[in-house]
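Residue numbers (the working numbering), protein chains in the order written: chain U, 1 to 573; chain D, 1 to 103.
Keep in mind that the hints were calculated from the coordinates and are not lab data.
Glycine included, every Cβ here is placed at the ideal spot set by N, Cα and C.
Worth double-checking, as some hints may not be accurate.
[Stated by the list, open to error] Covered stretches of chain D, going by a simulated chain U footprint (3 or more residues, C-beta under 8 Å):
hint: 1; segment: 29-37
hint: 2; segment: 45-58
hint: 3; segment: 62-76
hint: 4; segment: 81-88
hint: 5; segment: 92-100
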Amino acid sequence: MIAIAAIAAVTGATLGLGIYGVRLARTTSDLFVASRAITPWWNAAAISGEYLSAASFLGIAGLQMKIGSGALWLPLGFTAGYLALLLFVAAPLRRFGAYTISDFAEARLGSARVRVLAAFVVLGIAGFYLVPQLKGAGLTLGEVTGAPYWVGVVAVGAVVALNVASGGMRGITYVQAFQYWTKTFAIALPACLLLIHLGGLPERAAMFGQELPQAPAAGLAVELDAPQQVTFPEATSYTVDGAPAQAEAGEEIVLPAGTIGLPGGAVVPVAEGIDAQTGEEWARPVDSSGGDASPVFVYSLLLATFLGTMGLPHILVRFYTNPDGPAARRTTVRVLGLLALFYAFPIVYGLLGRVLVPELYLTGETDSVVLALPEAAWPGLGGEILGALVAAGAFAAFMSTASGLMVSVAGTISFDLWRRGHADMTVRRRRFRVAALGGVLAPVALALVARGLDISVLVGWAFALAASTFCPLLLLGIWWERLTARGAATGLVAGAVTATGLIFAGLAMEGGHPTVDALLTQPAVLSVPVAFAAMVLVSLSDKRRREPAEAALLAMHAPEGLGLGYEEPLVRA
Amino acid sequence: MRRTPRDELAEATAHGGLYLRRLIRAQVSLSAVALVAFGGVIGALPLALLLLPGLQDVYVLGLPLSIVIIAWPPFVLFIAIAVLYERRAEALEQSFRDLVEPP
Numbered sequence: 001m002i003a004i005a006a007i008a009a010v011t012g013a014t015l016g017l018g019i020y021g022v023r024l025a026r027t028t029s030d031l032f033v034a035s036r037a038i039t040p041w042w043n044a045a046a047i048s049g050e051y052l053s054a055a056s057f058l059g060i061a062g063l064q065m066k067i068g069s070g071a072l073w074l075p076l077g078f079t080a081g082y083l084a085l086l087l088f089v090a091a092p093l094r095r096f097g098a099y100t101i102s103d104f105a106e107a108r109l110g111s112a113r114v115r116v117l118a119a120f121v122v123l124g125i126a127g128f129y130l131v132p133q134l135k136g137a138g139l140t141l142g143e144v145t146g147a148p149y150w151v152g153v154v155a156v157g158a159v160v161a162l163n164v165a166s167g168g169m170r171g172i173t174y175v176q177a178f179q180y181w182t183k184t185f186a187i188a189l190p191a192c193l194l195l196i197h198l199g200g201l202p203e204r205a206a207m208f209g210q211e212l213p214q215a216p217a218a219g220l221a222v223e224l225d226a227p228q229q230v231t232f233p234e235a236t237s238y239t240v241d242g243a244p245a246q247a248e249a250g251e252e253i254v255l256p257a258g259t260i261g262l263p264g265g266a267v268v269p270v271a272e273g274i275d276a277q278t279g280e281e282w283a284r285p286v287d288s289s290g291g292d293a294s295p296v297f298v299y300s301l302l303l304a305t306f307l308g309t310m311g312l313p314h315i316l317v318r319f320y321t322n323p324d325g326p327a328a329r330r331t332t333v334r335v336l337g338l339l340a341l342f343y344a345f346p347i348v349y350g351l352l353g354r355v356l357v358p359e360l361y362l363t364g365e366t367d368s369v370v371l372a373l374p375e376a377a378w379p380g381l382g383g384e385i386l387g388a389l390v391a392a393g394a395f396a397a398f399m400s401t402a403s404g405l406m407v408s409v410a411g412t413i414s415f416d417l418w419r420r421g422h423a424d425m426t427v428r429r430r431r432f433r434v435a436a437l438g439g440v441l442a443p444v445a446l447a448l449v450a451r452g453l454d455i456s457v458l459v460g461w462a463f464a465l466a467a468s469t470f471c472p473l474l475l476l477g478i479w480w481e482r483l484t485a486r487g488a489a490t491g492l493v494a495g496a497v498t499a500t501g502l503i504f505a506g507l508a509m510e511g512g513h514p515t516v517d518a519l520l521t522q523p524a525v526l527s528v529p530v531a532f533a534a535m536v537l538v539s540l541s542d543k544r545r546r547e548p549a550e551a552a553l554l555a556m557h558a559p560e561g562l563g564l565g566y567e568e569p570l571v572r573a
Numbered sequence: 001m002r003r004t005p006r007d008e009l010a011e012a013t014a015h016g017g018l019y020l021r022r023l024i025r026a027q028v029s030l031s032a033v034a035l036v037a038f039g040g041v042i043g044a045l046p047l048a049l050l051l052l053p054g055l056q057d058v059y060v061l062g063l064p065l066s067i068v069i070i071a072w073p074p075f076v077l078f079i080a081i082a083v084l085y086e087r088r089a090e091a092l093e094q095s096f097r098d099l100v101e102p103p
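Build out the structure end to end from the sequences listed, making use of the hints.
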């Protein structure tokens, strides 16, 4: 009950602030004028608020519980991405005055074709990124209220689409900054209180020793809504709706829907797709024996997140609220600090989850460990209140990220892909609304079928696609004057095709060589070099007359105050 | 009236282009140094943990050192690199301003 109230409060506050904000920020140029007053700290909190998604709030701890310490490379990469942004993109791009990557592509390369190509890539990345947010919403609502999975998916999809279509969440820095602190508070407070309540980490043998996850001494009862295929790592007796049954070691069994009972100390069976690991295996951050944390996977993941962050469509827009290049840099440095603060905590849930909610190994829904843990660790009112707090924080995560992405999707469809021409503001606004309502349908449909995929894996694909398309476009566009439109277009297509091709090949194939599997799950280490090579080689061999890049270089790199760059950026709308 | 480098830049003369490219090169070198510092440490971490499995048996704060080492310290490194980089980048731009528009 408390949890439902907390979720309703967060959703209501977001909607309310959104509607109120429409009056404040009517047009994009208003947004720019308002931005003059916003300090780097506010901006940094807003960027972090939009960035911390279901993958950060639920996915890291969920993946950590599932595959082990290998998941801890995720927050590192998610944060390192802002270092790449700081070193190569933040200041020049802000000076250039481009709102979106499509704007940047057209202004820098003088090609409407590259703009359209970039628009399609935006839709691809946003799609990959929206699905896990909606999946998180379905899981959370199910965990809290017992509602079927689709209810949360459809509800959050509808709320976000309506919110964006009504003009809410549009550049409202303060709302996003508020979301950051909501999320950080909601993940930090329960983590600290749980550690104090439990007196540190319990049962380290199960975490780091030779043991497999076991049912607690009092036994374990798990409700299954649907039949579930599991593997029993060790022989044990169990009950199905009270009827006794017996499983051999290594036996694969399809458990029927109903209440599954395990005696105290029995090794918990694992759902399809999860490997039963001893504590020692589970604690290894890198594993050369062909597990989920193989070195190839770790390096590919680090590369994808390091280079992919700059290409996420909802992130660069936020940098626009910085008044100038140096302010964009200062903001990015603060973002690194705020993300480091948040990412100090998910690990606590991943560690405790293995011992305190082992039933998630059976159901396969390790992504809900953050939600399930407080009540499991602290029965009674205390746990219930903390559970409500994390549920509210999770909803803040879905709402803010999904809204940011939907704004990008609707903007891309209505500005970049809709038949151009002289449309006045009312027509444009109507198009934006239609695009927001229509654009949410595909991700909702995908989220309904993608229930079995991990949030972190889905988000990893978005990063891989961004790193293999927009990262080379931005880096070469900003720092290499010989980049041509044809080179950029070839590189975008080559990177996108390689990345998505490998990902879908990975979905179609099952269980090959571990290195091949790692590459198909996280293809960045292959697709990023392909994209860079295609852009550079085609640009160098492009014999057509190039647009003189001098003016663009001056606009991006000349310091403020000399009257050399654009100073007042290009304002669309 | 004496022509300043600023005029050369504004009129996009060959000289102006030279000044600009010198600045861009300086910025790229700075970013590259920061990138090497970051990549050297973070890139070496997975390999080091793979080659030194013994780290898992050393406990710090009740956790294996191999977990502690990736869970928190790298974030401090990121922030340190970012702060140092930001200062240097602004200093580079200031010296460009001084060069282009002598006070």
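How the hints compare with the structure:
no.	hint	verdict
1	29-37	holds (count 3)
2	45-58	holds (count 6)
3	62-76	holds (count 11)
4	81-88	holds (count 5)
5	92-100	holds (count 5)
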